[in-house]
Amino acid sequence: MRRSDRIRLDEAVALRRERFGALAYSYRDRQLLFIDRRLLPFVSSDGGRPVGEIADELIDRGDLQEDAVPHLMTVLEGLRRKGIVHVVV
Amino acid sequence: MSSYETLHHGLSAPICLTWEVTYACNLACVHCLSSSGKRAPDELTTAEARALIDEWAAMQVFYINVGGGEPLARPDFFELMEHALERRIGVKFSTNGTLLDRAAARWIASTDYVDVQISLDGASPEVNDAIRGRGTFQHARRAMELLAGEGFRFKVNHVVTRRSFDQLDALYELVTGMGGQLRVTRLRPSGRGAAVWHALKLTQEQNRRLYAWLRTHPDVLTGDSFFHLSALGAPLDGLNLCGAGRIVCCVDPRGDVYACPFVLAPEFRAGNVRERSFASIWRDSPLFRRLRAREVEGRCRSCGAYGRCHGGCMAAKHFTGASLDDPDPECVFEPETGPTSTLIPLPLTPRPLRPVPLR
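Going down the list, the protein sequences come from chains A and B.
Just so we're aligned: the first sequence equals residues 1 to 89 in my numbering.
Just so we're aligned: the second sequence equals residues 1 to 359 in my numbering.
Incorrect hints may appear among the rest.
Cβ pair distances, simulated, as ranges [said to hold, decoys possible]:
# : chain 1 : residue 1 : chain 2 : residue 2 : range
1 : A       : Arg80     : B       : Arg88     : 47 to 57 Å
2 : B       : Leu348    : A       : Arg30     : 27 to 37 Å
3 : A       : Val89     : B       : Glu334    : 49 to 59 Å
So these bits of chain A aren't anywhere near chain B, every CB distance computed over 12 Å [claimed, not checked]:
#  : residue
4  : Arg2
5  : Arg17
6  : Arg19
7  : Gly21
8  : Ala22
9  : Ser45
10 : Arg80
11 : Lys82
Derived by calculation from the structure, the hints in this document are not laboratory data.
Predicted model only: the values in this text are computed from it and were never measured.
Just so you know, even glycine gets a beta-carbon here, dropped at the ideal spot from N, CA and C.
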């Protein structure tokens with residue numbers, strides 16, 4: 001996933017906040033996924049801002065380590081491949 | 001963090017919420033978990049049931065597992081399911097198939113968020129009907145054909161027993177050959193299941209073979225039913241933990257909330273939705289708080305497989321008179337405790353199919 005990508009949840013996916021982050025449930029294929037709290041600002045951004053911008057803000061606030069960003073992008077890419085999130089075009 | 005550590009202390013709402021909508025059933029299967037047969041006079045009314053669905057929607061319950069009794073015996077069944085779907089709650093319902101007609105099959109196929117599982121406890125009438133009642137194999141098969149005819153990918157739920165174990169491959173072929181998906185679940189000594197437990201539970205050898213069979217059939221669903229078998233090696237697909245009161249609960253036809261559908265016993269009743277909101281019961285009932293705080297103690301804690309099975313099924317222990325700190329009665333490391341014959345006479349006979357009890 002590129003820093004300039006904007007993402008939104010698939011319309012068939014519901015997100016429920018939990019203490020560890022959130023549970024995502026896809027009504028399309030009945031997948032249940034655990035969403036780590038560090039991913040929440042990205043998956044709930046509704047395509048409003050590029051993921052790189054969200055990451056920068058989290059780093060500035062001290063909520064995210066800079067060296068964790070590549071891994072987060074890989075995880076987001078995995079969610080995209082599973083159809084949980086889409087890149088807004 | 002493992003899924004066990006993540007889920008052990010509970011969630012804001014259940015992942016797996018079973019709703020037994022009625023005790024009415026036109027069958028009387030010998031292993032019925034809820035000892036169903038007659039409708040209870042004080043079952044939730046339509047208005048109460050709709051309000052309960054509204055509450056679940058507010059809690060963002062993703063889907064409900066609807067059972068009974070026979071759910072289709074409830075005259076307002078479709079109204080309630082439509083209500084759930086309108087509130088974006090997916091429906092997975094279990095049926096014996098006898099009341100599923102073409103109109104029902106069409107309605108099911110027309111929805112996006114309904115899953116149906118038809119109960120079938122053998123690949124032949126001889127094996128199935130001894131457990132579920134004469135003629136039920138053909139009724140279930142007809143229901144499968146109706147759903148397949150509508151292009152709907154149904155599921156078949158099979159409670160695997162020592163009598164049906166050798167038919168697993170045949171059942172798999174039957175179900176997948178009709179475009180369906182097989183789900184196998186564990187026999188529990190709950191409800192009428194207590195009376196047939198020793199006659200129908202798998203032998204230890206069958207349990208070991210089942211574990212291997214499931215490992216080679218990843219498309220077969222289990223509903224996390226056999227996590228006690230994960231002690232044998234690589235964990236089976238699923239969360240592999242007892243979710244009672246943590247991620248699972250059951251609401252019975254009267255609105256009583258239990259820790260799981262397999263422990264419909266006073267000790268595991270957390271409250272009633274006529275007296276307190278479901279959300280309040282789920283979040284704050286003393287029973288559920290205790291279950292979320294407890295760990296299995298005893299011998300299991302020093303077992304090398306504890307991290308894979310976490311002590312097994314609470315219901316199986318409770319209804320066999322074991323302590324909740326004892327190993328699961330079907331622990332793979334425990335010795336065989338009874339005869340290994342696969343044709344032990346059943347102490348119960350399933351009642352023949354009867355007309356649907358009317359309200």
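These are the hints, each one checked on the structure:
no. : hint                           : verdict
1   : Arg80/A - Arg88/B: 47 to 57 Å  : violated, 23 Å
2   : Leu348/B - Arg30/A: 27 to 37 Å : holds, 35 Å
3   : Val89/A - Glu334/B: 49 to 59 Å : holds, 58 Å
4   : Arg2                           : holds, 29 Å
5   : Arg17                          : violated, 7 Å
6   : Arg19                          : violated, 8 Å
7   : Gly21                          : violated, 9 Å
8   : Ala22                          : violated, 10 Å
9   : Ser45                          : holds, 19 Å
10  : Arg80                          : holds, 21 Å
11  : Lys82                          : holds, 16 Å
Hints 1, 5, 6, 7 and 8 from the list above are not met by this structure, while the remaining hints are.
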